[in-house]
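Peer 1: Protein chains in written order, with the numbering used here: chain B, 1002 to 1241; chain F, 5 to 370; chain X, 4 to 303.
Because the hints were derived from the structure by calculation, they are not lab data.
Don't be surprised by glycine CBs; every beta carbon is placed ideally from N, CA and C.
Hints may be right or wrong, so weigh each one.
Some chain X residues near chain F, calculated using beta-carbon distances under 7 Å [to be verified]: (1) Arg85; (2) Ser87; (3) Lys178.
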Amino acid sequence: MSRVIEVENLTRTFGHFKAVDNISFTVEKGEIFGFLGANGAGKTTAIKMLTGILEPTSGRGKVAGFDIITERNKLKFKIGYMSQKFSLYEDLTLKENIGFYGGIYGLRKREIAERTKKMIVRLQLGNIENTLISEIPLGWKQKIAFSVATLHHPDIVFLDEPTSGVDPITRRQFWNLIYQAADKGITVFVTTHYMDEAEYCDRISMMVRGKIAAMGTLDELLLKHTAKDMDEVFLKLARD
Amino acid sequence: MRTFLAFIKKEFKHIFRDKRTLLILFGMPIVQVLLFGFAITTEIKDGKMAVLDLAKNRMSQQYISKITSSGYFILEENLKNYSQIEKSFKRGTIKIALVIPEKFAENLGNNNSSIVQVIADASDPNMANMLTSYLSGISNSFAIENRLVPKIPIKIESKMLYNTENKSVFMFVPGVMTIILMLVSAMMTSITVAREKEIGTMEILLVSPLKPAIIIIGKVLPYLVLSLINAFTILMLGFLVFGMPMEGSRILLFLEILLFIVTSLSLGILISTIAQTQQTAMMMSLMGLMLPTILLSGFIFPIESMPRILQILSNVIPAKWFIIIIKSIMLKGVGIRVVWKETLILTGTSLLFILMTIKKFKIRME
Amino acid sequence: MIEIKNISKSYKEVKALDNISLNIEEGRLFGLIGPDGAGKTTLFRILTTLLIPNRGTATLMNLDTVTDYKKIRRQIGYMPGRFSLYTDLSVQENLEFFAKVFNTTIESNFEMIRDIYVLLEPFKKRKARDLSGGMKQKLALCCALIHKPKILFLDEPTFGVDPVSRKEFWDNLKKLQKTDNITTVVSTPYMDEAALCNEVALIQKGKILAVDTPGNISKRFTHKLFEIKTNNNYKALLLLRKMDGINSAFMFGNSIHLTLNNSKKVTQLSTELTANSFKFSIKNIEPNIEDTFMELMQKE
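The following block holds chain B by itself, in its conformation from the complex:
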């Protein structure tokens, strides 16, 4: 197995505040990696560094084989990103949105058309290619946003609280998409506040005040912290 993320001693400070404090970890290809932590624990800062938006104060890292400091531009073609706030353009149709994002990643027209077709079949969306995004129900939008974020077949996709506020059935359908992507070898890096979703991940890391306080498979974490579920692990770690 090859490593998609390799991070060593990554640190980022804002003034005197250490938002991310010397973290090191690796993520394997095709893994679903849960990245948990309380609000303000440093998750967002870490993700920004991994996606090449923010320069680390010290330390180094490679994502999808590219250096996150020196090769950010190449790196960006190999990653996908979707956040709770990331929304498609509401005033464009589904097709126009896909055309736009496909264009950003340099896909050819034929490729875009082909992948759009596949995506609509996969999501069982029916005939909505020319529907404005604003007229599409919320649950679908989230699924579409995910598919658009993976349209250019990235090596890794970063999901920042992708399912906040979504109903339980749609959430599970969303996770099905995540599994499908992982099955195809796309690495998934996901943050969530739903602890049951954390349990869906192959491996979970937990950030507390800028540091990674725990990392491992669900069973390892439960055993180590003598907890019955992830909720308990989270409470135990974040309260220390």
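Put chains F and X on the given structure of chain B with help from the hints.
Peer 2: Showing chains F and X alone in chain B's frame:
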């Protein structure tokens, strides 16, 4: 009352903690007055002039030196005959030519209004206009000083008469004040109300027992105070830096300024009842208020020279009436008896806006 | 305390609320559970007198939300969705302001907010914008409580907040309910928070799916529920979905929750899983609120 005071206190805190607001509130008036006063004046200095003096006597010499000493004209050439005038214009050495007739001194005594002939280079119409009117102003005061005319010829009696020095900064001080008051009162208030809608605190305020009137007055009052401070700053700059005259009643001036602030504030609140976000509030006040005010109030472009349709349109711009009032009070020194009509128009507009606001202000959401 | 009768509300063509009726008793901690877009916020705005329904009536303390809105506004506390306080004012200034808006002082009602205020006190001078998510939530709650409201409306107070802060927030609500007998209506998209309420209404697409105590609501689940743990849940789920006789199969944390059609036996299922070389364990469990919600959703 305690509730109300708390509201006002909070409002001032918002203002003083936001550097951008502070900058707009206090930096902008000063910068604008100085900018307009010093840099962008449409005033013309050293207009190149040729004189064909056919009278050649003491009176015509005095007249010429009065003109050249004004600072607006430089005597470029002394001409000998009419044919030289055209040549000089063609060479481009002069912008204006003055012909003093043989019977200059006699004519002055005879109540004759067209004493001198002025030829201006109309390829630059603005400049030509300006120079001609400067010249007529100077001629006018020359006639009065020499007491050669018992009555001032009506034809020359123009606005220029009351602004004998022709200093355009006097025109800009009222103009800048109008714009700033509009900006602070209308734009800033509409933005702060929209801001509360955006962050969601408006929901809490509406659900609280606060009366809508308290919310509105609480929002408006701080900006009224700030607008007054601004008006004061601008006037002070006008007096101290540019030597602006103050001919009329100070109390009347204060009351008229207050009236215009109320007009602008009621407009701002009206906008905020419609706009849901700070961005819309800003766009509405900029496009809907600031632009028409700048373009149609007569501040930059004289209303008289606008197409008929725009002239009619300019009547609905409150700023137009305010500028007329301010100029009349400060430069002409007239009282309420002269500007009552304009004052009434502003009062009426304010009442209309306030009524519309009361009708539109929602105690609920949509 | 709160009576809602046949309320409907539409925005243009979208039906936000569709003929909703609810009764909430005094002193209850009532949960309105449902995803985004279910109509929770619309219902809150109608109850807090901010919106007028198209049809139906709602009364709070026997006061009508449309005609007696002034009286109601004096007696309720409201915390809108998302953080809605003045971010450029400090913690203390926000509290003082809201106290004065309701014509009261922090001191006169200190007992009620003490427990929460103690946590905020170290940050008294800090601007609200510089607070952490959990702290902001606590401050907003304090502000909504400052005038001793009889009814407290909290619209998604824990949305986007991490589990630790969420737990603390709920502890605070519990305490308030015990000591001050406040009627609290709280909405949330997190199903697990339902268990912390006295009574919950499940809401989806503008309709109430069920109203009951958290304990009883799971009894509406009509099937026998099984929990299956396997060595590869995703693959197992794909297989289960293709099998005959499976009524529903969903991922739940590290296991799969499964219901069977009447014809199907658990033993049959085990055989099939073994035949596909899965390692697994299977047991009968009690359904939770999320299971129930999902079943009710599918029936709709």
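Peer 1: Now tell me if each hint is right for this structure.
Peer 2: Hint by hint, here is what the structure shows:
For arginine 85 of chain X, the suggested interface contact is upheld, since its CB lies about 6 Å from the closest CB of chain F, less than 7 Å. Annotation: serine 87 of chain X was flagged as interfacial toward chain F, and the flag holds, the nearest CB pair being 3 Å apart, inside 7 Å. About 23 Å separates the beta-carbon of lysine 178 of chain X from the nearest beta-carbon of chain F, more than 7 Å, and the hint is not met.
Consistency with the previously given hints fails for number 3 only.
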